[in-house]
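All chains, full assembly: derive it from the sequences and hints.
Chains A and B are the protein sequences, given in the same order. 55 is the number of the first residue of the first sequence in this note's numbering; add one for each residue after it. 78 is the number of the first residue of the second sequence in this note's numbering; add one for each residue after it.
Take every hint as true, because none was put in to throw you off.
Okay, the calculated bits of chain A under chain B, using three or more residues with CB under 8 Å as the criterion:
| id | segment |
| --- | --- |
| 1 | 82-91 |
| 2 | 118-125 |
Pairwise CB distance ranges (calculated):
| id | chain 1 | residue 1 | chain 2 | residue 2 | range |
| --- | --- | --- | --- | --- | --- |
| 3 | B | Y540 | A | T121 | 39 to 49 Å |
| 4 | B | L536 | A | L64 | 54 to 64 Å |
| 5 | A | M55 | B | T262 | 24 to 34 Å |
| 6 | A | R105 | B | W550 | 38 to 48 Å |
Every beta carbon over 12 Å from chain A, so not counted as near; a handful from chain B, in silico:
| id | residue |
| --- | --- |
| 7 | V113 |
| 8 | N394 |
| 9 | P396 |
| 10 | D435 |
| 11 | I517 |
| 12 | R518 |
| 13 | V529 |
If you're looking for bench data, these hints aren't it; they were derived computationally from the structure. As the structure is a computational prediction, the values presented were derived from the model and not from experiment. For each residue, glycine too, the CB sits at the ideal point set by N, CA and C.
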Amino acid sequence: MLTVNHFILLSAILFCLGAVGVLIRRNPLVMFMSIELMLNAANLAFVAFSRYLNNLDGQIFVFLILTVAAAEVAVGLAIIVAMFRARENVDVDEVNELKG
Amino acid sequence: MLISPELILAIFGMLVLVVDLIGRARTREWLPWVTVLGFVLAFAATLYIWGSNASIFAGMYSVDMFSLFFKLLATIAGTMIVLVSIDYLRGRTTRQGEFFSIFTFSILAMTMMASSASLLMIYLSIEFLSYTSYLLTGFLREDKKSNEAALKYFLYGAITSAVMLYGLSLLYGVSGSLNLTDIATAFANTVDPSVRTVALVAPALVLAGLGFKISLVPFHQWAPDAYEGAPTPVTAFLSVGPKAVGFAILLRVALTTLPIYQASWIPLLAVISIITMTLGNLVALRQTNIKRLLAYSSIAQAGYMLIGLVGVNLTGNSPFSGLNGVLIYLFAYLFTNLGAFICVIAIENATGAVNIADYAGLVRRAPFVAALFIIFFLSLAGIPPTAGFIGKFFVFGAALREGFLTLAAIGVINSIISVFYYFAVIRAAFFLDAKDPSPIRITPLVTAMLTVTAAMVLLIAVYPQPLFNLAAWSMGMFGVVK
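Take a look at the structure:
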């Protein structure tokens with residue numbers, strides 16, 4: 055029998071995987087995918103809680119997170135593309151004009 | 078018409094975008110002034126609904142005096158930044174209309190953040206402000222620094238907002254509601270010890286998202302890079318706008334949703350405040366780029382403001398409630414920091430220089446700007462007779478009243494440290510010889526804005542009573558905490 059705890063545990067695992075991905079990968083596109091994994095962990099938690107509480111607010115929240123995540127992709131990819139045009143390289147360790 | 082300021086900003090943002098698309102070159106020259114008109118109308122609309130205390134859209138959006146305070150602040154900041162960016166953008170980009178449109182939307186996002194009263198609105202408005210800020214930061218597309226600043230800002234922002242979102246989902250899970258006051262009721266009525274555990278972890282995750290906006294350590298790493306690479310008017314905006322409304326949400330969540338856990342979050346915020354001020358000030362000491370110096374200075378300023386929330390105590394009718402200190406500080410900081418950045422813009426417009434070494438002999442090249450640098454830096458360091466002193470007086474006073482002697486002492490020591498790096502700039506400007514002694518021409522619009530900000534910094538110091546009243550009205554909605 056699956057309870058809300060199982061879903062929350064799964065979402066916590068997904069969230070940690072995403073967080074580790076962001077920290078150890080250096081390609082902005084892969085970092086970006088890891089961030090999406092973190093967002094989806096939150097989505098899963100919202101849906102599970104929503105079902106458990108018999109309250110639809112959480113599911114509506116998930117709809118809006120999905121839309122906002124799409125907007126985030128648009129902005130993020132635009133920035134990465136502009137960056138690639140300017141320097142033909144997007145590895146975040148080699149992007150170092152600004153430091154001090 | 079409770080949402081008229083937001084409607085006006087939305088209409089003007091779209092109007093500027095459309096006119097920029099279909100208008101002729103001569104018409105497009107007027108776009109910054111159309112944007113300013115939008116901000117002035119939104120400011121007037123905010124004053125028109127002054128005094129309202131309503132909760133609309135099923136409790137998700139709260140139009141109260143607290144939010145109106147931040148709407149005033151947002152529209153003032155918007156007006157001044159548009160006026161100084163006109164000269165800055167000329168010659169740097171051909172897509173000015175887009176800039177002003179996105180900027181109007183970022184001010185709209187600020188007004189929405191100020192009114193957010195539900196977890197959903199908090200998430201949506203924070204993301205709205207973030208995306209517009211990323212675009213503005215990377216607006217000079219051909220400039221490598223601007224690109225890099227946008228990428229770093231974006232990656233930090235996306236990570237912290239994902240962490241915050243997970244915190245929001247946990248808050249929803251343990252309380253069964255998205256509404257800030259309903260969550261508080263749920264927490265007060267529960268006896269389940271596991272709810273208490275989650276109620277301590279979840280807000281810490283949410284703090285990641287808010288700390289990113291406010292630039293609190295350890296969520297500050299984006300700030301120096303984004304500040305240095307962004308177009309300077311955008312830097313000025315980032316240093317006051319997101320910080321102010323980030324505080325609006327932090328104060329609202331702390332004081333309406335989590336008052337019963339106050340004993341738990343006060344030590345956490347006190348530690349963050351100490352680390353933020355100390356790190357900001359110590360790293361600022363060895364900066365050579367004025368924009369990076371002001372970035373670290375603004376991180377330190379966020380630490381001082383947080384002292385007000387640590388020392389918050391809304392019982393009784395004391396002038397040192399902590400909350401009013403934060404509001405007064407934010408208002409004083411708005412004019413001070415914008416003024417300092419307008420000085421930087423004035424020099425950068427004429428010479429392109431942003432290093433402190435280039436400020437040598439400034440007193441002979443641009444005496445007006447050099448003199449105003451003194452006023453703004455005195456205010457940032459919190460030395461009377463300036464607005465910054467009034468702000469520090471009230472936040473440190475609140476900490477002392479609540480018995481946080483160490484915290485207040487560390488705040489004062491940090492203010493003294495900050496004098497060193499502020500005066501390094503002033504020393505260069507007044508006592509070193511210029512390599513190129515030719516006078517710097519300051520454009521009339523920038524001169525006007527410098528005069529306004531400097532006048533406000535001094536006015537708040539000599540006649541602070543209206544600001545005290547404004548702060549007292551704005552915090553009236555928070556009833557008695559504790």
